[in-house]
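There are 2 protein chains.
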Amino acid sequence: MSTGSRPLALPPNVSHDAFSRFISACEEIIDRRNIHIVASKEELADGSYYEPPRTHDPHHVVEQDYFVASAVMNPRSVSEVQGLVQLANRYRIPLWPTSIGRNSGYGGAAPRMRGSVVIDLGKHMNQVLEVNVDAAYAVVEPGVTFAGLYEYLVKSGLSDKLWIDVPDIGGGSVMGNTLERGVGYTPYGDHWMMHCGMEVILPSGELLRTGMGALPQNPRTSAHPIHEEAGNKCWQLFPYGFGPYNDGLFSQSNLGIVTKIGMWLMPNPGGFQAYQISLPRDEDLHQAVDIIRPLRLQMIIQNVPTLRHILLDAAMLGSKTDYTPDTEKPLNEGELDAIAKKLNLGRWNFYGALYGPEAIRNVLWSQIKQAFSSIKGVQFFFPEDVKGNHLLHIRAKTLQGIPTFDELRWVDWLPNGAHLFFSPISKISGDDAMLQYKVTKKRCVEAGLDFMGAFAIGMREMHHIVCIAFNRGDPESKRKAHWLIKTLIADCAEHGWGEYRTHLALMDQIAETYNWNHNALMRFNETVKNALDPNGILAPGKNGVWPASYDRRLYKL
Amino acid sequence: MSTGSRPLALPPNVSHDAFSRFISACEEIIDRRNIHIVASKEELADGSYYEPPRTHDPHHVVEQDYFVASAVMNPRSVSEVQGLVQLANRYRIPLWPTSIGRNSGYGGAAPRMRGSVVIDLGKHMNQVLEVNVDAAYAVVEPGVTFAGLYEYLVKSGLSDKLWIDVPDIGGGSVMGNTLERGVGYTPYGDHWMMHCGMEVILPSGELLRTGMGALPQNPRTSAHPIHEEAGNKCWQLFPYGFGPYNDGLFSQSNLGIVTKIGMWLMPNPGGFQAYQISLPRDEDLHQAVDIIRPLRLQMIIQNVPTLRHILLDAAMLGSKTDYTPDTEKPLNEGELDAIAKKLNLGRWNFYGALYGPEAIRNVLWSQIKQAFSSIKGVQFFFPEDVKGNHLLHIRAKTLQGIPTFDELRWVDWLPNGAHLFFSPISKISGDDAMLQYKVTKKRCVEAGLDFMGAFAIGMREMHHIVCIAFNRGDPESKRKAHWLIKTLIADCAEHGWGEYRTHLALMDQIAETYNWNHNALMRFNETVKNALDPNGILAPGKNGVWPASYDRRLYKL
Numbered sequence: 001m002s003t004g005s006r007p008l009a010l011p012p013n014v015s016h017d018a019f020s021r022f023i024s025a026c027e028e029i030i031d032r033r034n035i036h037i038v039a040s041k042e043e044l045a046d047g048s049y050y051e052p053p054r055t056h057d058p059h060h061v062v063e064q065d066y067f068v069a070s071a072v073m074n075p076r077s078v079s080e081v082q083g084l085v086q087l088a089n090r091y092r093i094p095l096w097p098t099s100i101g102r103n104s105g106y107g108g109a110a111p112r113m114r115g116s117v118v119i120d121l122g123k124h125m126n127q128v129l130e131v132n133v134d135a136a137y138a139v140v141e142p143g144v145t146f147a148g149l150y151e152y153l154v155k156s157g158l159s160d161k162l163w164i165d166v167p168d169i170g171g172g173s174v175m176g177n178t179l180e181r182g183v184g185y186t187p188y189g190d191h192w193m194m195h196c197g198m199e200v201i202l203p204s205g206e207l208l209r210t211g212m213g214a215l216p217q218n219p220r221t222s223a224h225p226i227h228e229e230a231g232n233k234c235w236q237l238f239p240y241g242f243g244p245y246n247d248g249l250f251s252q253s254n255l256g257i258v259t260k261i262g263m264w265l266m267p268n269p270g271g272f273q274a275y276q277i278s279l280p281r282d283e284d285l286h287q288a289v290d291i292i293r294p295l296r297l298q299m300i301i302q303n304v305p306t307l308r309h310i311l312l313d314a315a316m317l318g319s320k321t322d323y324t325p326d327t328e329k330p331l332n333e334g335e336l337d338a339i340a341k342k343l344n345l346g347r348w349n350f351y352g353a354l355y356g357p358e359a360i361r362n363v364l365w366s367q368i369k370q371a372f373s374s375i376k377g378v379q380f381f382f383p384e385d386v387k388g389n390h391l392l393h394i395r396a397k398t399l400q401g402i403p404t405f406d407e408l409r410w411v412d413w414l415p416n417g418a419h420l421f422f423s424p425i426s427k428i429s430g431d432d433a434m435l436q437y438k439v440t441k442k443r444c445v446e447a448g449l450d451f452m453g454a455f456a457i458g459m460r461e462m463h464h465i466v467c468i469a470f471n472r473g474d475p476e477s478k479r480k481a482h483w484l485i486k487t488l489i490a491d492c493a494e495h496g497w498g499e500y501r502t503h504l505a506l507m508d509q510i511a512e513t514y515n516w517n518h519n520a521l522m523r524f525n526e527t528v529k530n531a532l533d534p535n536g537i538l539a540p541g542k543n544g545v546w547p548a549s550y551d552r553r554l555y556k557l
Numbered sequence: 001m002s003t004g005s006r007p008l009a010l011p012p013n014v015s016h017d018a019f020s021r022f023i024s025a026c027e028e029i030i031d032r033r034n035i036h037i038v039a040s041k042e043e044l045a046d047g048s049y050y051e052p053p054r055t056h057d058p059h060h061v062v063e064q065d066y067f068v069a070s071a072v073m074n075p076r077s078v079s080e081v082q083g084l085v086q087l088a089n090r091y092r093i094p095l096w097p098t099s100i101g102r103n104s105g106y107g108g109a110a111p112r113m114r115g116s117v118v119i120d121l122g123k124h125m126n127q128v129l130e131v132n133v134d135a136a137y138a139v140v141e142p143g144v145t146f147a148g149l150y151e152y153l154v155k156s157g158l159s160d161k162l163w164i165d166v167p168d169i170g171g172g173s174v175m176g177n178t179l180e181r182g183v184g185y186t187p188y189g190d191h192w193m194m195h196c197g198m199e200v201i202l203p204s205g206e207l208l209r210t211g212m213g214a215l216p217q218n219p220r221t222s223a224h225p226i227h228e229e230a231g232n233k234c235w236q237l238f239p240y241g242f243g244p245y246n247d248g249l250f251s252q253s254n255l256g257i258v259t260k261i262g263m264w265l266m267p268n269p270g271g272f273q274a275y276q277i278s279l280p281r282d283e284d285l286h287q288a289v290d291i292i293r294p295l296r297l298q299m300i301i302q303n304v305p306t307l308r309h310i311l312l313d314a315a316m317l318g319s320k321t322d323y324t325p326d327t328e329k330p331l332n333e334g335e336l337d338a339i340a341k342k343l344n345l346g347r348w349n350f351y352g353a354l355y356g357p358e359a360i361r362n363v364l365w366s367q368i369k370q371a372f373s374s375i376k377g378v379q380f381f382f383p384e385d386v387k388g389n390h391l392l393h394i395r396a397k398t399l400q401g402i403p404t405f406d407e408l409r410w411v412d413w414l415p416n417g418a419h420l421f422f423s424p425i426s427k428i429s430g431d432d433a434m435l436q437y438k439v440t441k442k443r444c445v446e447a448g449l450d451f452m453g454a455f456a457i458g459m460r461e462m463h464h465i466v467c468i469a470f471n472r473g474d475p476e477s478k479r480k481a482h483w484l485i486k487t488l489i490a491d492c493a494e495h496g497w498g499e500y501r502t503h504l505a506l507m508d509q510i511a512e513t514y515n516w517n518h519n520a521l522m523r524f525n526e527t528v529k530n531a532l533d534p535n536g537i538l539a540p541g542k543n544g545v546w547p548a549s550y551d552r553r554l555y556k557l
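Line by line, the protein sequences are chains A and B. If you read the first sequence in the UniProt record's numbering, its first letter stands for residue 1, the second for the next number, and so on. If you read the second sequence in the UniProt record's numbering, its first letter stands for residue 1, the second for the next number, and so on.
Next up, chain A with everything else stripped away, as it sits in the complex (with noise of 0.2 Å):
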């Protein structure tokens, strides 16, 4: 596709022949072939989870040609990107960063602003920059992946001496599932407490370094790209630096691109378990999380366990139509049950994992067995207790850091099969997740869809990931999930409860429950955009950020 064609989409109050120049003069930073104009619908390709388009979201719960790009660029260095920037401030271009393009089930690369300039950094910015194996740590680019990280451990003969956290598929970014605060499931799971020090070019097009990174490095001994002898030497070891700590600012923000950024690694921890317990009835997901309250908060659960409804780990088996010739209507609790029943798995599933030396796990899982086994017909299971496609030997994997692609299964439940996740935060209460269940739940069957989904348990709340498995094909089944997703939005904030994380179609909607005191936080996030942004070109819109440029209520959903 010729940089000179016309795109499908341009930004707002940007003519194609503005367009056009801002483009010619990207030809002059970065190489025409790392270039490609959205020229057409009929490019629109929505591959797979291993060839993710760049151009718009695949799974598009809206038209598909409505969150897309007007260009993609793969700027193969940080001045190239730095370039980049400075040309969008002259011409009013709006960019949207991403890593890898695989944010799946909330937009995937595509922008937020129809007609942005997506700006894919990871195609050639995916170096593993360092490991540093005594100080367990590793700077990386927006392009390594979780997969990618794994094997390069491997291919050094580290991956013994360090484990890396993975979320459910291990093809995401690590630099870009920890900017949206993704979880994983080892005792490193929140990936944003265990960054440490980002580089970042400012929408002005200058670069910063965070935390320590901002003593600068000993010219005259520099060598090393990163750290050397008589240089910088704490920039991964101690994230907070001196003044304000401005990290958390380009996390789920578009106040800047990051381009590399430090990750703590877990030391092998000397011996690992995984487990699985199942819980018979419904009704126990409400005794389960109150007996994991005080085991989380003790760290007698050392990690990020998951409990999950039958109908995920089913869906991993197998689609819809394996269970039911009824594709159009939810599965009662009787076919639940059966389900249940015919793989073996409770209504409810819990996989966790205990850490350590033997003496030191057994310990742990006497106290955890001793705690679960109040509920009445719970049963546990090691790897070796199961046979087959069962998802513990998924989860044992997922659990000691190494990736997987499994999971993408449950996409499938539906033929042409897409997906949303909408992530409430909880309480860890079981009053909260019977209740925040029972809200959810109910909502997926009046739209016609089985509710699937997870509680991550967290440090003092569990995420829950409500997965909205639609037929991207069926503009009806588009329709009901995009009416799900905002519906539960409002029902949640009734009950007191915010997201996380979202899609970009929701990010408005979100945004605007997180009102306490007249929108203080969002005036707040205003001048701070404005202030670093002046001219509005990084990722307007973003997590319901609108730069003054911009008027929000012309691009409402």
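Any given hint could turn out to be false.
Repeated chains share a single entry, so a pair holds when one copy, or any two copies, can fit it.
[To be verified] Mimicking DMTMM-like on lysine to aspartate or glutamate, the simulated pairs with C-alpha atoms at most 25 Å apart in a straight line are:
id	residue 1	residue 2
1	LYS369	GLU384
2	LYS369	GLU358
3	LYS486	GLU526
4	LYS342	GLU180
5	LYS123	GLU476
6	LYS480	GLU494
7	LYS161	ASP290
8	LYS329	GLU446
9	LYS41	GLU335
10	LYS161	ASP431
These aren't lab readings, by the way, just hints derived from the structure by calculation.
Chain A is already provided as a structure; the job is to place chain B on it using the hints.
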């Protein structure tokens, strides 16, 4: 003192008349008895730790009346503080908020900008607003001290369920310490990491709640001022909220006045054992630090332990004259050996603890003991092994979150005892620890002062705290202490080391060392500062960040 008095110090470019009009306006908002004009040098009493002045820094390394307030105000409520902030904007008066005034060694309650109005929040706003046992957190106002929070838990019968984390001295503000990113010594030692949710008055006077606090309480059912049945339930459970995570902006900064903060508390771990490990030789520091690193990274050492130089322990038990008749010069190696021998301590002493049921503690202790046993002559102690006035008995309290005041005593090493902390961050590496020790000790000796220091071992770094004890009654001693710390900052910057926190007098110098890429960080901080505080009324100069309305060059020290 009448509120009509002429203050000893006025802010720059503020006439006495204008100041008087400001004070009159303040009298419309807060009770006249809660306004105190600092009228003369004579009223500046250095007080004691227990009765800290709010007017100036009692550990004055420069002139006693240099870091001095024009007035001290004691608001009774959030809305009173908001009112004062609005007036400060109208009259362009710099405010310096303080929680308790015990930021000892870093400037106490004193303002960076001479003549600022100190807003002494803690006097009246000192309530524990909530303690939640199930989710293990507390919400506190600025005036709640560590000792106060502990006492609250004891009185409520909760101290057996929930532990707090305390710094060496228990009298500081929980909030103040956390905002300055102070540390304690339990597994919850990183106070900033363990905070969750804040309420902040912005420089505009507007009120912001961060994280999940931005979700409104349900007005239909609102009764409890903070949480209620159907309102926001996760403010203290999940720190990040939705969109940019802004909390860090309010730490070590002048971007807001924090009025409420949530702190995670540690559930009683079900067992505890403090220990001390004595290292006989000065150079054992090297080997000890290399032993500690993997143990800490693997959480075999579960908490923030400290490796303390002999003199810090010796100073706890007596002043310098108790050890030597010649107080004019630093103790030599032979004298240090003799003191260690006399006190039955090592040249370095390592204080830590084990947490959890006995079976777990035994596994951890055997690993720790085995690792340290490679140091020749190492000795291991539990509290029952040492008699009398031994620091281990005090640390055994601190390490389980029981506040103590005993460690104040080292400040009296010299007559008219005062102190400054020099706090560089170091790698957890024997080489780095030895080099940092050598570099800092050399300058202490050059200044004619004794090296007293400790390394607090965090997740992947050490806070090296060099305690500079000086005689505040002797201008020469003050001059030496000031020379020493300025020189140490410069020396450490040369080695690529930066400080995590500092005294008022050193804020600019340290901020200037974080100057990577032509001061990108400072320019970023200034941009944010000027956007949020266009009149520059909040804590000008705090941590080196000056608003546009001040010329930093005029206030150099």
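task = Indicate which option fits the pair LYS480, GLU494 if close means a Cα-Cα distance not exceeding 25 Å: within, between, both or neither.
result = This pair counts as within: shortest intra-copy Cα distance 21 Å, inter-copy 62 Å.
key: Within, between, both or neither, where LYS329 and GLU446 count as close if Cα-Cα is 25 Å or less   = within (9 Å within a copy, 82 Å between copies)
key: Within, between, both or neither: LYS369, GLU384 at alpha-carbon 25 Å   = Answer is within: at 17 Å inside a copy they meet the 25 Å cutoff, but 35 Å across does not.
inquiry  = Please sort LYS41 with GLU335 into within, between, both or neither, judging by C-alpha distance up to 25 Å.
reply    = neither (41 Å within a copy, 83 Å between copies)
inquiry  = At most 25 Å between CA atoms: does that hold for LYS342 and GLU180 within a copy, between copies, both, or neither?
reply    = neither (37 Å within a copy, 57 Å between copies)
query = Is it within a copy, between copies, both, or neither that the alpha carbon of LYS369 lies no farther than 25 Å from that of GLU358?
reply = Both ways: LYS369 and GLU358 sit 16 Å apart in one copy and 19 Å across, limit 25 Å.
Identical-chain pair category, LYS161 with ASP290, by Cα at 25 Å = Between copies, since 17 Å is at most 25 Å while 35 Å is not.
Within, between, both or neither, where LYS161 and ASP431 count as close if Cα-Cα is 25 Å or less = between (41 Å within a copy, 22 Å between copies)
Up to 25 Å CA-CA - GLU526 versus LYS486, copy category = Result: close within a single copy only, 24 Å intra versus 39 Å inter.
request  = Could you place LYS123 and GLU476 in one of the four classes (within, between, both, neither) given a Cα distance threshold of 25 Å?
outcome  = neither (35 Å within a copy, 62 Å between copies)
Figure legend: structure checked against the earlier numbered hints; hints not met, in rising order: 4, 5, 9.
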